[in-house]
Amino acid sequence: MFVSINWLLFPLELLITLTLVVLVVMDVLLPKTVKKDWLGYVSLGANVLLLGFWTTQREVIGNTFNGMFVEDSLSWFFKGFFLVAMLFVFVMTHKFFKATEGRRNEFYLLLWLALIGMCLIASSADFLTLFISLEILTISLYVLTAYTKSDKFSLEAGMKYLILGALSSGFFLYGMSFLYGITHSTRFDVIQQYVSSQPLTPITLFAMVLIFAAVGFKIAAVPFHMWVPDVYQGAPTPVTALLSVGSKAAGFAILLRLFSVGGVFAAWHFEWSMALAILSAITMTYGNLVAMFQTNIKRLLGYSSISHAGYLLMGAAAGSALGASAMNFYLLGYLFTNLAAFLVILLFSIATKSDEISDFAGLAQRSGILAGTMLLALASLAGMPPLAGFFGKFALIMSAMKSGFLWLALIASANIVVSLYYYLMIAKRIYVDAPRSTSPITISVPMRTVLIIAMIAIVGIGIFQGPFFNAAITAISGM
Amino acid sequence: MIGIEHYLILSGIIFTIGIAGVITSRSVLKVLLSLELLLAASNLSFVAFSRYNGDYAGQAIVFFVIIVAAAEVAIGLAIIVLMYRHLNTIQADELKDMKW
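Top to bottom, those sequences are chains A and B.
Taking this note's numbering, the leading residue of the first sequence gets 1, the next gets one more, and so forth.
Taking this note's numbering, the leading residue of the second sequence gets 1, the next gets one more, and so forth.
Hints were generated in silico from the structure; no laboratory data involved.
Yeah, the Cβ is synthetic: ideal placement off N, Cα and C, and Gly gets one too.
A portion of the hints provided could be inaccurate.
What the hints assert, rightly or not - Here are some chain B residues the structure puts well away from chain A; computed CB gaps all over 12 Å:
{"hint": "1", "residue": "M1"}
{"hint": "2", "residue": "I2"}
{"hint": "3", "residue": "H6"}
Claimed, not checked - Calculated lysine-lysine pairs in the DSS-like style (CA-CA distance at most 25 Å, straight line):
{"hint": "4", "chain 1": "A", "residue 1": "K35", "chain 2": "A", "residue 2": "K149"}
{"hint": "5", "chain 1": "A", "residue 1": "K428", "chain 2": "A", "residue 2": "K353"}
{"hint": "6", "chain 1": "B", "residue 1": "K30", "chain 2": "A", "residue 2": "K152"}
{"hint": "7", "chain 1": "A", "residue 1": "K152", "chain 2": "B", "residue 2": "K96"}
{"hint": "8", "chain 1": "A", "residue 1": "K35", "chain 2": "A", "residue 2": "K98"}
{"hint": "9", "chain 1": "A", "residue 1": "K149", "chain 2": "B", "residue 2": "K96"}
{"hint": "10", "chain 1": "A", "residue 1": "K149", "chain 2": "A", "residue 2": "K353"}
{"hint": "11", "chain 1": "A", "residue 1": "K428", "chain 2": "A", "residue 2": "K152"}
{"hint": "12", "chain 1": "A", "residue 1": "K98", "chain 2": "A", "residue 2": "K353"}
{"hint": "13", "chain 1": "B", "residue 1": "K30", "chain 2": "A", "residue 2": "K149"}
{"hint": "14", "chain 1": "A", "residue 1": "K32", "chain 2": "A", "residue 2": "K149"}
{"hint": "15", "chain 1": "B", "residue 1": "K96", "chain 2": "A", "residue 2": "K353"}
{"hint": "16", "chain 1": "A", "residue 1": "K98", "chain 2": "A", "residue 2": "K36"}
{"hint": "17", "chain 1": "A", "residue 1": "K353", "chain 2": "A", "residue 2": "K402"}
{"hint": "18", "chain 1": "A", "residue 1": "K36", "chain 2": "A", "residue 2": "K353"}
Stated by the list, open to error - Covered, in the sense of this in silico footprint (three residues per stretch, anywhere, with C-beta under 8 Å from a C-beta of chain A), are these stretches of chain B:
{"hint": "19", "stretch": "24–30"}
{"hint": "20", "stretch": "62–76"}
{"hint": "21", "stretch": "81–95"}
Required output: the full structure, derived from the provided sequences and hints.
Dropping the structure here:
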């Protein structure tokens, strides 16, 4: 069989691979003193250039590799999302290794590998491509999680992540094998045709549930969430940021392609929308309730990220175009909010060597900008107007109500009130409580700039939702 | 006559053994072995379906799965070696430093 390949359809992936190769060569050739910082500078520079290149790729649409790889508005949207996330992660990585003096070469290479995996996930149009790109992403994340190998928390987190991650990919594969057996294909469009012409049988339901288990693992929905708190706490902070934003968004990209409106299983929506709604309600309630009792800030954000997966699942349960675009918009707001929070946590832990919430007491007196960014990020996570998180939650709840899930909308609103409690408790510690040590934390000018950019994005997306929501709608409509 | 259902039942049994192994094993090495069983079960059903449907895609997929399984085990063993060096244990239930 002749396979025609349209090379112009995936220049971004090719360029990312090229960057990876350049970094490997640099790693081998450059002397130690030079490459220490330059791997980071080159990564950051290449990322900015790729982001610029990405803006020119909007009109590139089509599929190649016999329909296994697709480039459309949804993949374009998510690739930009991943590139922006990586930009912050590279900044954090640079800062992280400035403070810890570990081996940093492989860290950058693995981050780029994870980026390739995420971009391929967004472009998958076949279960085989999806499986392999998913593994590229998760396997590099296993190593990144266990990277600070002398730290017992990091090792423990890596091991737990690997066991549960491999379990979920086993589920995915088993489900995929049954889907292949029934539909004679692994391609999304062939399976979609099958789904729209056939009723749901127990065996296809079985396959679908197994595949959803793997997606649920990536997005951290409740029965598959066990890894989240431990891995978030144990992983190096830049990796936690990547997990909470990049890996989760990759999961939602899969969810949109498979389970959302226009997705592979869309024709059976009626059968499973109730299951998704129940899952969504359980996920957000569990995440918010357990988050209240946390003492470690990274662990707390882990539970908060579980509850946010619950909010986002509302859009999938709604199964409407509004729900899907609300998910996209929410992810946009969540991107800047969470990255800002983790950047503050990183800078704080570099200065104080602590992730404990109690040590955040009186942060406002020690560093105004750290306290301000954290406050803004927490307020946006809690969904206070006019920040990014508010309009996203609003749109998601509206989509659930329009699809007839009034009870889900009510549970979500109750959850938002509950979550305010623990987000504002941290804010209270930062602004009201007396500091344990009064030594000021100095933040360098580049870091100040990054923090201010993140703050502007959180407020900007909240106030000028129009263009961002339009981008989210366009991403869905061209699927 | 051995039909598709025999292969599927066998793969179902292997899958179940794998899940049981992951849940019950104390040693991380045994957990890794059980995880391999999961992938092997999927491989078996891929090949069986491929034969039954009369197309070769399923058999090609198995090659990719084998590569992924090898990569996963390589990382898993590396982490186990580090665990043994730094924590002096390879028991899964002793990984409990982080608890809420």
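For H6(B), is the shortest beta carbon distance to chain A beyond 12 Å? holds, 14 Å
Three residues minimum, CB to CB under 8 Å: does the stretch 62–76 of chain B make the cut for coverage by chain A? Let me know. holds (count 7)
Does K96(B) lie within 25 Å of K149(A) when you go C-alpha to C-alpha? Answer holds: K149(A) to K96(B) is near 17 Å, not above 25 Å.
Tell me if chain A covers the stretch 24–30 of chain B under the three-residue, 8 Å CB rule, please? Result for this restraint: violated, n = 1.
Would you check the hint for K353(A) and K402(A), treating anything up to 25 Å between C-alpha atoms as holding? violated, 47 Å
Taking 25 Å as the top limit, are the C-alpha atoms of K30(B) and K149(A) close enough? Distance ~22 Å between K30(B) and K149(A) Cα, so the pair holds.
Given pair status - K152(A), K428(A), alpha carbons within 25 Å: violated, 32 Å
Tell me if chain A covers the stretch 81–95 of chain B under the three-residue, 8 Å CB rule, please? holds (count 6)
M1(B) and chain A, when compared Cβ to Cβ, separated by more than 12 Å: At roughly 19 Å from the nearest Cβ of chain A, M1(B) sits farther out than 12 Å, so the non-interface label holds.
Pairwise hint evaluation, K353(A) against K98(A), where the allowed Cα distance is 25 Å at most: OK: K98(A) and K353(A) at ~14 Å, within 25 Å.
Take the C-alpha atoms of K98(A) and K36(A), compute the straight-line distance between them, and say whether it is at most 25 Å. Holds, because 9 Å separates the two Cα atoms, which is no more than 25 Å.
Please work out if K149(A) and K353(A) have their alpha carbons no farther apart than 25 Å. Holds: K149(A) and K353(A) sit about 17 Å apart, inside 25 Å.
Of the numbered hints stated above, those contradicted by the structure are hints 11, 17 and 19, listed in ascending order.
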